[in-house]
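Student: Could you put the whole structure together from the sequences, leaning on the hints where they help?
First to last, the sequence lines map onto chains A and B. In case it helps, my numbering puts the first sequence at residues 6 to 178. In case it helps, my numbering puts the second sequence at residues 94 to 342.
Calculated from the structure, these hints are not laboratory results. No residue lacks a Cβ here, since even glycine has one placed at the ideal position from N, Cα and C. Treat each hint with caution, since some may be false.
Residues on chain A that point at chain B, a partial pick, calculated with CB under 8 angstroms [said to hold, decoys possible]: (1) L12; (2) L22; (3) G23; (4) L30; (5) K61; (6) G63; (7) A112; (8) G116; (9) R125; (10) T129; (11) Y130.
Per label pair, the in silico range of CB-to-CB distance [unchecked claim]: (12) A:S51 with B:D281: 53 to 61 angstroms; (13) A:S51 with B:L116: 54 to 62 angstroms; (14) A:S51 with B:P126: 50 to 58 angstroms; (15) B:L262 with A:S80: 30 to 38 angstroms.
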Amino acid sequence: MRPNRSLEIGTGFFVLLGFAALAFLSTQLPGTGIKFGADTSGYELSAKFDNVGDLKVGSPVSMAGVHVGRVTGVSIDPVEYRAVVTMIIDKNFDKIPDDSWASIETAGLLGAKYVGLEARGSETYFKDKGEIENTQGAMVLEKLVNKMFAAVADRAGGTKNDAPEAGAEEKGK
Amino acid sequence: MIRSFANTADRVGSVTLFLARTLVACVPACSRPRLIVHQIYNAGARSLVIVMLCGLFVGMVLGLQGYDLLRRFGSESALGMAAALGLIKELGPVVTALLFAGRAGTALTSEIGLMRATDQLTAMQMMAVDPMQRVIAPRFLGGLIAMPLLVAIFDVIGIFGTQLIGVGLMGVDPGTFWSQIQSAIGLDDVAEGLMKSVAFGVACSLLAVYEGYHADPTANGVGLATTRTVVASAVLTLIIDYILTAFLL
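Tutor: Pasting the structure below:
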């Protein structure tokens, strides 16, 4: 045995730890590898939306404000050109009526997107691999603002003064 | 005024020349890797605990402050992104470099200064051993190798510290926390932090060995040299940080 064994062990431990940290930073954070806090026990539902905004894998699914699941995949349907969102619902929440609405909502004014479920009165419940038929896509703030100004302009009879004012307001946003 | 300017120029020039001499001495020093391993242990492994502890607390404070700030805009979900960007690009390299200067830099300076004061360096020269190769280069390389690893460890611990507070205490959704980090952090951000850490490693190790090598061979001189190491390392780290950030942003 060499005399300075602890030196080698200490250095090796440090270097390994350092490279592990580097590997974590360069693969886990930018990539889409392991998702922390992902709970895979539960059943899967899917839903098609016209627009999902910046919904991401790992975003929460909530019902009446309570966290019930998590988004596991966002892809596009090649036929209908709509976004397909798959999500895992916790197995404790197995009595969700199968005519419930799913909508893309925003946490706070500018926060991250999440899927909100709204229960309806059906007596039958969603099963594993079920599809949510009733959906409402993401509200895009800019589109809403445009719509609002269009409505205002219509009501004012499209007078000349309105158009530049609306433009200025929009820029301010 | 002119005199102090001349002194500064003298010092900058002397440090630069010393860097060149050290780099030249690094080539033959690589043939004795055991010396370098020993210095990685001294500079890196022995700074590990303090770096991890500080990383944890910096991350936890970021969790508290970031949550409080972001809540005012209703965007707590961006906490992970804000903390991870701040840690990887700025806080990780800078705080680690400051800790490194305090923990490892002072040890290097006083060790080499004491070698100078007890004529060990002169004795080596008498035996035709170049102290630049035997003493300075391994210490410089050890610090240089240890710094990026310490920074990476600091970053990771810091992000977990933020998660501990943000997710555990404040109730930010863990899925959102990590997905926001993953979508916001690119490899270029990690590379930027890494480049900074290498630059700080060069600066802090160089100043530490330089001050030790040029310390007055007295008890007072070694003490003064140690102080100069910490002050100069901290100032140089922050200046380099500004310059690199301006270039890389």
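Student: Could you run down the list of hints and mark each one as holding or not?
Tutor: We went through each hint and held it up to the structure:
{"no.": "1", "hint": "L12", "result": "holds, 5 angstroms"}
{"no.": "2", "hint": "L22", "result": "holds, 6 angstroms"}
{"no.": "3", "hint": "G23", "result": "holds, 3 angstroms"}
{"no.": "4", "hint": "L30", "result": "holds, 5 angstroms"}
{"no.": "5", "hint": "K61", "result": "holds, 4 angstroms"}
{"no.": "6", "hint": "G63", "result": "holds, 4 angstroms"}
{"no.": "7", "hint": "A112", "result": "holds, 5 angstroms"}
{"no.": "8", "hint": "G116", "result": "holds, 5 angstroms"}
{"no.": "9", "hint": "R125", "result": "violated, 25 angstroms"}
{"no.": "10", "hint": "T129", "result": "violated, 29 angstroms"}
{"no.": "11", "hint": "Y130", "result": "violated, 24 angstroms"}
{"no.": "12", "hint": "A:S51 with B:D281: 53 to 61 angstroms", "result": "violated, 34 angstroms"}
{"no.": "13", "hint": "A:S51 with B:L116: 54 to 62 angstroms", "result": "holds, 60 angstroms"}
{"no.": "14", "hint": "A:S51 with B:P126: 50 to 58 angstroms", "result": "holds, 57 angstroms"}
{"no.": "15", "hint": "B:L262 with A:S80: 30 to 38 angstroms", "result": "holds, 35 angstroms"}
Hints 9, 10, 11 and 12 from the list above are not met by this structure, while the remaining hints are.
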